[in-house]
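These protein sequence lines map, in sequence, to chains A, B and C. Each step along the first sequence adds one to the number in our numbering, with nothing skipped, and position 13 is 13. Our numbering runs 1000 ahead of the 1-based position in the second sequence. Our numbering runs 2000 ahead of the 1-based position in the third sequence.
Read the hints as simulated data drawn from the structure, not as lab findings. The reader is advised that the hints may include incorrect statements.
[Said to hold, decoys possible] Just the calculated beta-carbon pair ranges, DEER-fashion:
hint	chain 1	residue 1	chain 2	residue 2	range
1	B	G1238	A	D24	26 to 36 angstroms
2	C	R2283	B	D1166	46 to 56 angstroms
3	B	K1134	C	E2030	35 to 45 angstroms
[Claimed, not checked] Derived EDC-like pairs: lysine to aspartate or glutamate, alpha-carbon spacing no greater than 20 angstroms straight-line:
hint	chain 1	residue 1	chain 2	residue 2
4	B	K1241	A	D34
5	B	K1176	C	D2046
6	B	K1249	C	D2046
Just so it is clear, the structure is predicted and the values come from calculations on it, not from any experiment. Backbone N, C-alpha and C fix where the C-beta goes; we use that ideal spot for every residue, glycine too.
Read off the chains here:
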Amino acid sequence: MYLKPMAIAAALGIFQSGATLAGDAVAGKKIATDRSRGNCIACHYLPGGQSPGNIGPALVGIQGRYASKGQLTEQIYDATVANPDSIMPPFGRHRILSGRELADVVEYIWSL
Amino acid sequence: MKTIIATLLALSLSGFGNLAAAATPEQEQALWQRYFQARFPDVPLEEFPNGVYAIDPIGRENWEAIEEFPPYETALSEGEELWNTPFADGKGYADCFPDGPAIMNQYPRWDRARGTVVTLPLAINECRKAHGEKPLKYKKGPIASLLAYIGYESRGQITDVKIPKDDPRALAAYEKGKQFYFARRGQLNFSCAHCHLLYSGHVLRTETLSPAFGHTTHFPVYRSKWGEMGTLHRRYIGCNKQVRAKPFKPQSEEYRNLEYFMTYMNNGLPLNAPGARK
Amino acid sequence: MKTHLSATLLAGLLIASPMSQGATKIQALEAIAAAEQARQRAAAIDGEWRDTGKLIKKAKQSLEAHLYTQAVELANQAQLQGKLGYEQAMRQRNAGFPHYMIAFVESQQAMEIAQATASESTASQDIQPFQVLHDGKPVTIARNHDKKAQLPQEFLKAGRNCPPFCLQPIRAAEGVETIGELEMLDFLRESADGKPVLIIDSRTPEWVLRGTIPGAINIPWTQIDPQQQGMFGDPGEDRLRSLLIDRFGVVQTEEGGLDFSQAKTLVLFCNGLWCGQSHANIRTLLKAGYPPEKLKWYRGGMQDWVSAGLTTVKPSF
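Start from the sequences and build out the full structure, keeping to the hints where you can.
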């Protein structure tokens, strides 16, 4: 049984005290460049980012690569589902980011 | 070259998905060395001990400038003094290590009597204990200075770790070290191999990831980030913490086994301790 | 499977949300105990995470400060970390060299092999034809690719008597190299290039008439065998000496001895593994003092040469 992306997104929405699915992209950007939180920039090129790493693919044109925010959420939640050899930390499964942070990051990355 | 091809053909015939089960340490060593040489074809073999400076030209320029006035010089003189200062009982390190101080390539080694991997820092503290001296702490300070001096005197020696075939416990230690190297750990789910093997040469934020081939030749190291010397196990601890895994104690069995595996993989490389790194 | 886990964990996330009602001291104590148990379970297999201990410590501090809800939350986080760390270590038990490392090395090797073979001769892998002089006339040595070609009559026989057609050992004598077709072709090229190499057909003339290797000179074994009377009745010994000095580059010293330092390399053959004529020649030459390293024996001889489809030539007289 494949957990529908919307289900995760929905669960996150509920976690945010019944708010809508939309996260805060501005907050998401901060998380993405914060070394102690998402630190996405350590491995990924982010537009406007300082000294991005080149370990993962550049985070541009995201909507051309992911069909929905739900799919993107799944990937960030646990990248090893799609690729067992992935070295991307499982931000959701390992609780590196909270549900709210995850939603914010998704909102930000989705906009790239 | 032909031996490596033959080895790899033998490997591929053994049909592994799990190389851990099928191959011998010799085969794995050949695979390791071949992998890095294929990843970095322009780097001559003897350059790998220079780590990231073998593959990053800008970093290398800076490093060469630093090496003109090496930041480990103080440690070298401190280490030499330590080596030559007698213990309270009148003996000295030379009594424990008659071949010394150029003894770096004798470690790590399998100690048959005790059934464990003995590293140089461990041996140093055992020497001290045998002569009524207090042990040195393992991450930095005097141990690092002493190791710097020993390492400097040992420059040019060739890494030559042995896994005695007639003691299966030695192979078991190697296997444990290998498993440690390739296992994901910590909240961030990284293994040593992810950064230093698979993505070696790539950039993690501002830092180029150094290839593992050559890691063991240049410790102790003066790390600008530390502002002082540190040992290999100090770096192990830092790396483990960085991936949010609980680190092990310096000179714990886990880290000694890891050092055993890593150094064996680097057999054939010349030693060039102490090193200077960012 | 993993998606079920995700669903479960998410559900867990929800249950542990700050929305839950105030916890009691007992609940806090239980949560902390459970967290500690999970932490130890992970630690036992070297799978403990960095912050688990800190979380438990903070939970205990919250407990002491009577902040039971917070204590439960922190303890639950720690417990989850312990559980995840344990599962991670269990999954990683057999971690070892990854498949992509082997794949990478193999693909690099395949590339190298492809490059190496591409740079080799792009023409056919078979022998490249080349020219030699035979009886003063140019002859091209090449390999026959006519699949219908057959062996010459005299080399079709399967039954022979010994003597005289005895099977030959692989080695003619100590220090004398036995060679095959490829080496023979190399020597023929060298000889044609003017190097000090002689190719010698050791057979008696009636054999040579049927065909020989282009570039070879005929020195019948009977001519140089001291036991034999020689072709023209001359003692074999004198004949041999003349050959050595006149044709093989051997120098007579003042004392009447022989200096072989400038002697040519001699490549001897006859009919093949059932023919002893070249072997006999070799023995004679060695007895006369010829350096063994300058004698080569093409043991396969004409039998193998024609079986390989290589060019033969009949005397032009």
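ask   = When the hints from earlier in the document are held up against this structure, which numbers fail?
value = none
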